[in-house]
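J.: Sequence:
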Amino acid sequence: MTRPRRHAALTPFALALVLCLGLALGLPGPARAGRARDDRLGPAQYAAVTEARELMEQGDPAGAAQRLLPVADEARPPLVVLDHLAWAQERAGAHDAALVTYRRAAGLYPNDPGTARNLGILLFNRQRFAEAAPALERAYGLQPEEGREPTLLAMAGSAQARMHRFPQALGLLDRAETTEPAAPVSWTAMSAYCCLRLDRTDAALARCRACARRHPRDPAAWSLLGRVLARHGDPLAAASALETARALRPDGRAAPDEYRELAALYALGHAHAEAARCLAAADEPGTTLRRAELLRLNGRNREALEALDRFDRERAANTATGPTVTPEDVLRAALLRGRILRDLGRTGEAVDGLLASARPPAADPGRTVQRLRGALLLLAGELRWGEGDWTGAARIFDDLAAVPGYADTGASLAEGMRAMVREAALAPAPLSPSSLTAAP
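Going by the UniProt record's numbering, the first residue of the sequence shown is number 1, and it counts up by one from there.
If you are wondering where the hints come from, they were derived from the structure by calculation, not from laboratory data.
Misleading hints may appear alongside valid ones.
Have a look at the derived ranges for each label pair, beta carbon to beta carbon [stated by the list, open to error]:
1) R253 x P216: 16 to 22 Å
2) A44 x R217: 52 to 58 Å
3) H232 x G366: 34 to 40 Å
4) D343 x N318: 27 to 33 Å
Each residue gets a CB set at the ideal place from its N, CA and C atoms; glycine is no exception.
With these hints in hand, go ahead and build the complete structure from the sequences.
T.: Rendered as structure tokens:
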């Protein structure tokens, strides 16, 4: 009789893992018909299987399993009965019972490739990887050469990798990719992961490059290559690969977290303008301050000031609903603004802003806040010093000495400023031109 198609019910774990790996393989169910086997059905068995299939079509797998149990309870029931029983049990959610049935079928019919296949996949879905790996490999070997499924080898390799048996996993994945010329990206992703776990970064990179050549229009292939390039220590090449993946998407866009990843890679490669562009594309409030920092590093001070103004507006807008900006972020923004204004020659404005932001906080600040307060006062004092206002600089350095961690630095600088004031007071007044020409 014709067997029903293999069902596609996945456990939550198996769904996530199979989707991650891209294993386009059917799940356990009655095997394909047409193979010669010892499964002649008697009248009672035929009626039970027929009624069970009708119950399955009506959406009652539990009833189908109950209908098949009596005819399956024999010393050697036909394989078609066991196939349908395990299928119904799996669809009904009785996974342990289905596993028992498949084990029994595999024991009675050890050379049947469909049974071995279904047992291996069910073991994989039940996270019994130590049993699944050899079962899947054996199922592949039992299949006729013209109908072998390399995905079984890939699943076996995945099972080995889940047990941290990375050399064995690589061997199975290599066999799968050799057998399947159009091996999916997910197989390469798993083999690259195994290579990285074995500290074979060059091997992982070679596999990913080959995958990108094999799937030049697949964003997943370029994303995989980009991330392995980042692990290889080539951030700009990694960013280029990720940009290619983004461009291959129908909308040509990336998610905010992907733009942040791109920005981090560009920043590592000192491509600060590109990093700022990616953060602007992410269009998230939390990225504005970092974008301002990158713009300053690229020498685009006026754009950096505009980004800081936006940061201040975002901070003010978030005040009513609960601040998302930390006190540390506020001080970092003030320090960055002070440095930009200094670079633009707006020293007085820079000092005023630095001193206003460095006021002692009402609550007990943490070490990072105190460190940033010290940096603000130190920069303000240096700017006053550079203007020749040594008395003003001394007052600022006195405030710096009161900040934890800056006592010695602040006191030393303040004393130095006062010494300069004293030396200036003791120095003789410069001679005027008239005094040089006056008669004796």
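J.: If a hint holds in the structure, say so; if it doesn't, say that too.
T.: Against the structure, the hints come out as follows:
no.: 1; hint: R253 x P216: 16 to 22 Å; verdict: holds (20 Å)
no.: 2; hint: A44 x R217: 52 to 58 Å; verdict: holds (56 Å)
no.: 3; hint: H232 x G366: 34 to 40 Å; verdict: holds (37 Å)
no.: 4; hint: D343 x N318: 27 to 33 Å; verdict: holds (29 Å)
Of the numbered hints given earlier, the model fails none.
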